[in-house]
Amino acid sequence: MIEILSVVLQIAGAFFYFAGTLGLLRFPDVYSRLHALAKADNLGLGCVLIGLALQAESVAVALKLLLIWPLALAASAGVSYAIARRADSLGVVPWCKEKH
Amino acid sequence: MIPGLILRCLLFAVLWWVLAEGHIDDLWLGVVAVMTATWASAVLMPPVAHRLRLIKMPGFVLFFLRNSIRGGFQVAMMALRGRAALQPGVLELQLNLPEGGPRVLMTSVIGLMPGTLSVELAEDRLRVHVLDERLSLAAEVGELEARISALFGVGL
Amino acid sequence: MTGFELPIALFLLCNLIVALLAAARGPTAADRMLMALLFGSTGTGVLVLLAYSGVGRMLVDVALLLALLAAIGGIAFARRAWQRGHDD
Numbered sequence: 001m002i003e004i005l006s007v008v009l010q011i012a013g014a015f016f017y018f019a020g021t022l023g024l025l026r027f028p029d030v031y032s033r034l035h036a037l038a039k040a041d042n043l044g045l046g047c048v049l050i051g052l053a054l055q056a057e058s059v060a061v062a063l064k065l066l067l068i069w070p071l072a073l074a075a076s077a078g079v080s081y082a083i084a085r086r087a088d089s090l091g092v093v094p095w096c097k098e099k100h
Numbered sequence: 001m002i003p004g005l006i007l008r009c010l011l012f013a014v015l016w017w018v019l020a021e022g023h024i025d026d027l028w029l030g031v032v033a034v035m036t037a038t039w040a041s042a043v044l045m046p047p048v049a050h051r052l053r054l055i056k057m058p059g060f061v062l063f064f065l066r067n068s069i070r071g072g073f074q075v076a077m078m079a080l081r082g083r084a085a086l087q088p089g090v091l092e093l094q095l096n097l098p099e100g101g102p103r104v105l106m107t108s109v110i111g112l113m114p115g116t117l118s119v120e121l122a123e124d125r126l127r128v129h130v131l132d133e134r135l136s137l138a139a140e141v142g143e144l145e146a147r148i149s150a151l152f153g154v155g156l
Numbered sequence: 001m002t003g004f005e006l007p008i009a010l011f012l013l014c015n016l017i018v019a020l021l022a023a024a025r026g027p028t029a030a031d032r033m034l035m036a037l038l039f040g041s042t043g044t045g046v047l048v049l050l051a052y053s054g055v056g057r058m059l060v061d062v063a064l065l066l067a068l069l070a071a072i073g074g075i076a077f078a079r080r081a082w083q084r085g086h087d088d
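Chains as they are written, first to last, in our numbering: chain A, 1 to 100; chain B, 1 to 156; chain C, 1 to 88.
Okay, chain A solo, but in the shape it has when bound (with noise of 0.2 Å):
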């Protein structure tokens, strides 16, 4: 039972990695590839790493799985925030609809 979970969240993981892959390839401006990759990756890695850490056997092991999740998080957030901040300074235009 909790293998079957731990592959259907491991699937799911790998789900949200491929759309934010997908996002990154189709998303029109670099602002919104960010809210790609910041976000579906995110949600991507914490599906992987719920789904590994039911099959840890103990506590302690799986806590140092779900442990990797909130510095990713940290990561994205800072880092998410920096592109933006710079892509703003550096003028990039966000991308609208009403131009195309």
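Incorrect hints may have been included.
To be verified - Part of the chain B face toward chain A, derived, beta carbon under 8 Å:
1. Val-18
2. Leu-19
3. Ile-69
4. Gly-82
5. Leu-86
6. Leu-112
7. Val-119
Claimed, not checked - Partial selection, computed: residues in chain A whose CB lies under 8 Å from chain C:
8. Ser-6
9. Tyr-17
10. Phe-18
11. Thr-21
12. Gly-44
13. Leu-90
To be verified - Sample of chain A residues lacking proximity to chain C, with all beta carbon distances greater than 10 Å (derived):
14. Met-1
15. Arg-33
16. Val-59
17. Cys-96
No lab work stands behind these hints, which were simulated from the structure alone. As the structure is a computational prediction, the values presented were derived from the model and not from experiment. Ideal Cβ positions, reconstructed from N, Cα and C, are used throughout, including at glycine.
Given chain A, put chains B and C in place with the hints provided.
Only chains B and C this time, still in chain A's reference frame:
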């Protein structure tokens, strides 16, 4: 000051226990590491003005988890539909949170909430890029702000 | 270990390669900075999956360290952006 340090010491001890995967055979190393970490945190980051209220922490974490899952799901669906699903825009928000930690946390967390991404924080003005300006995000941003102010124990 | 870890790790690796190439292509310098994000999230995902695929659990520590470095890097990045204020 002292209760704060004891709390930090406890947190570092739990962290050590997790990193050592529950093994306690090299306990002396853990004691040294925990003590050093507590000392370093006291020197580098003395207890500050905006102290987190730990009692509000679980509620904030749940709120954050719920919304970041929603955000990931939403952006994944948009990625599947391609750029036709997007109607990006830029919102300009007036932050009522005090300077420092609370504003920084707000700016960072917005990037992981559904449909929003911080572009620039200048004084108390925050410019936010939104994926779909048809969604009413003002209420959600307002709730996040209220949660953060409660977390830091400051009024808006 | 369920047997799914290795295929999923490989799938993520393909994702990472495609995303890196897309980010490297640009068009702006800001797009290329997206590569920094990819290593933090996809890189750690690949490592933990490999760790549980039977390669060796020590890869969890590697993933943890990579996430920690990414977090420190991310915070340092963002702090520079905050401290610069309006001047750029």
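Status of the hints after comparison with the structure:
1. Val-18: At 5 Å from the nearest chain A Cβ, Val-18/B passes the 8 Å test, so the hint holds.
2. Leu-19: 7 Å, holds
3. Ile-69: 6 Å, holds
4. Gly-82: Gly-82/B check passes; min Cβ-Cβ to chain A is 5 Å, inside 8 Å.
5. Leu-86: 6 Å, holds
6. Leu-112: 6 Å, holds
7. Val-119: Status holds, d = 5 Å.
8. Ser-6: Holds, because the Cβ-Cβ distance from Ser-6/A to chain C comes to roughly 6 Å (cut-off 8 Å).
9. Tyr-17: 5 Å, holds
10. Phe-18: At about 6 Å, which falls below the 8 Å cut-off, the nearest Cβ of chain C leaves the hint on Phe-18/A intact, so it holds.
11. Thr-21: 5 Å, holds
12. Gly-44: Nearest chain C Cβ about 7 Å off; hint holds.
13. Leu-90: Holds - the Cβ of Leu-90/A comes within 8 Å of chain C, reaching about 6 Å at its closest.
14. Met-1: 12 Å, holds
15. Arg-33: 6 Å, violated
16. Val-59: Check passes; 15 Å lies beyond 10 Å.
17. Cys-96: 16 Å, holds
Of the numbered hints given earlier, the model fails hint 15 alone.
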